[in-house]
Amino acid sequence: MDLSLSTRTVGDRTVVEVGGEIDVYTAPKLREQLVELVNDGSYHLVVDMERVDFLDSTGLGVLVGGLKRVRAHEGSLRLVCNQERILKIFRITGLTKVFPIHTTVEDAVNATD
Amino acid sequence: MATVELRFSAQPEHVRTARLVAAAVARRAGVEEALLDEVRLAVGEACSRAVGLHRVNGLLAPVRVVLTEEEKTFSIEVGDGVPGAAESVPGIAAVLDPDIEGEDEMGLAVISGLVDDVEVTTGESGGTIKMSWPVAGASDVA
Chain U
1 MDLSLSTRTV GDRTVVEVGG EIDVYTAPKL REQLVELVND GSYHLVVDME
51 RVDFLDSTGL GVLVGGLKRV RAHEGSLRLV CNQERILKIF RITGLTKVFP
101 IHTTVEDAVN ATD
Chain G
1 MATVELRFSA QPEHVRTARL VAAAVARRAG VEEALLDEVR LAVGEACSRA
51 VGLHRVNGLL APVRVVLTEE EKTFSIEVGD GVPGAAESVP GIAAVLDPDI
101 EGEDEMGLAV ISGLVDDVEV TTGESGGTIK MSWPVAGASD VA
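Going down the list, the sequences are from chains U and G.
FYI, in this note's numbering the residues of the first sequence are 1 to 113.
FYI, in this note's numbering the residues of the second sequence are 1 to 142.
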């Protein structure tokens, strides 16, 4: 399965819905999308990962890269994820401390902390 | 002897194939269903890393994946052709450092966090990551 990406705006946040597999082959597409959003002035991103079937360290790297980019503009990058197998990868790498992870898009969009 | 051996050219699109093959062979070998996600992720990480090393070093040789079913374990060896690469992997701290652009080096951190039995070796002909998982109900299988 390939990677699917769609974006929508909710208030001052941009929600990026990601589906499919994020790996060494597809991650560049996600990177491109995040870079494009930041270049266009979207600095508050919510990445919805509920439809992601597979995520590896390349994908994590792209998310960390996105976080660095939005932070350079005092922005934010929040994740939405309830899938245990995906959350496990964030825990193993210590990235749960780096990303705010929400259970719903609504939560992430309204979060201000 | 290897149960299944796979060689693929160092292209990112083939890593998914390696994951699918490894998970299928692991399932057949009797690795518990709950561990298959782990197998899939770990072999993907090892292959992504090998592909990256081959490409960075301009190596045309294929990446090698050896899947071996033994009596009580199932093991996967992923070999790259780059000598001395195993030592040059920065840790997670380097990845998170805002001054470093390294986005692709969390692979070994994921593997070592995921797999209990993992061995990273490096030799003159390249590096190898060997990972093993227990085979459930080995004694029941004729």
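Bear in mind the hints are in silico, worked out from the structure with no lab data behind them.
Any given hint might turn out to be false.
Claimed, not checked - Taking CB as the label site, the calculated pair distances span:
id : chain 1 : residue 1 : chain 2 : residue 2 : range
1  : G       : Glu13     : U       : Thr104    : 48 to 56 Å
2  : U       : Glu84     : G       : Glu13     : 21 to 29 Å
3  : G       : Glu5      : U       : Ala111    : 42 to 50 Å
4  : G       : Gly84     : U       : Glu74     : 37 to 45 Å
5  : G       : Val21     : U       : Asn39     : 35 to 43 Å
6  : U       : Asn110    : G       : Val21     : 42 to 50 Å
7  : G       : Leu36     : U       : Thr96     : 34 to 42 Å
Quick reminder that beta carbons are idealized off the backbone N, C-alpha and C, glycines included.
Hint-by-hint comparison with the structure:
Judged by the Cβ atoms, the range 48 to 56 Å given for G:Glu13 and U:Thr104 is violated: they are separated by roughly 34 Å. Remark: the range hint 21 to 29 Å for U:Glu84 to G:Glu13 is upheld by a beta-carbon distance near 28 Å. Distance hint for G:Glu5 and U:Ala111: a CB-CB separation of about 49 Å, consistent with the stated range 42 to 50 Å. G:Gly84 and U:Glu74 have their C-beta atoms about 41 Å apart, which keeps the hinted 37 to 45 Å range intact.
The beta-carbon spacing between G:Val21 and U:Asn39, approximately 39 Å, falls within the hinted interval of 35 to 43 Å. The hinted window of 42 to 50 Å between U:Asn110 and G:Val21 holds, with their beta carbons roughly 44 Å apart. In this structure the hint that G:Leu36 and U:Thr96 lie 34 to 42 Å apart at CB is violated, the actual value being about 23 Å.
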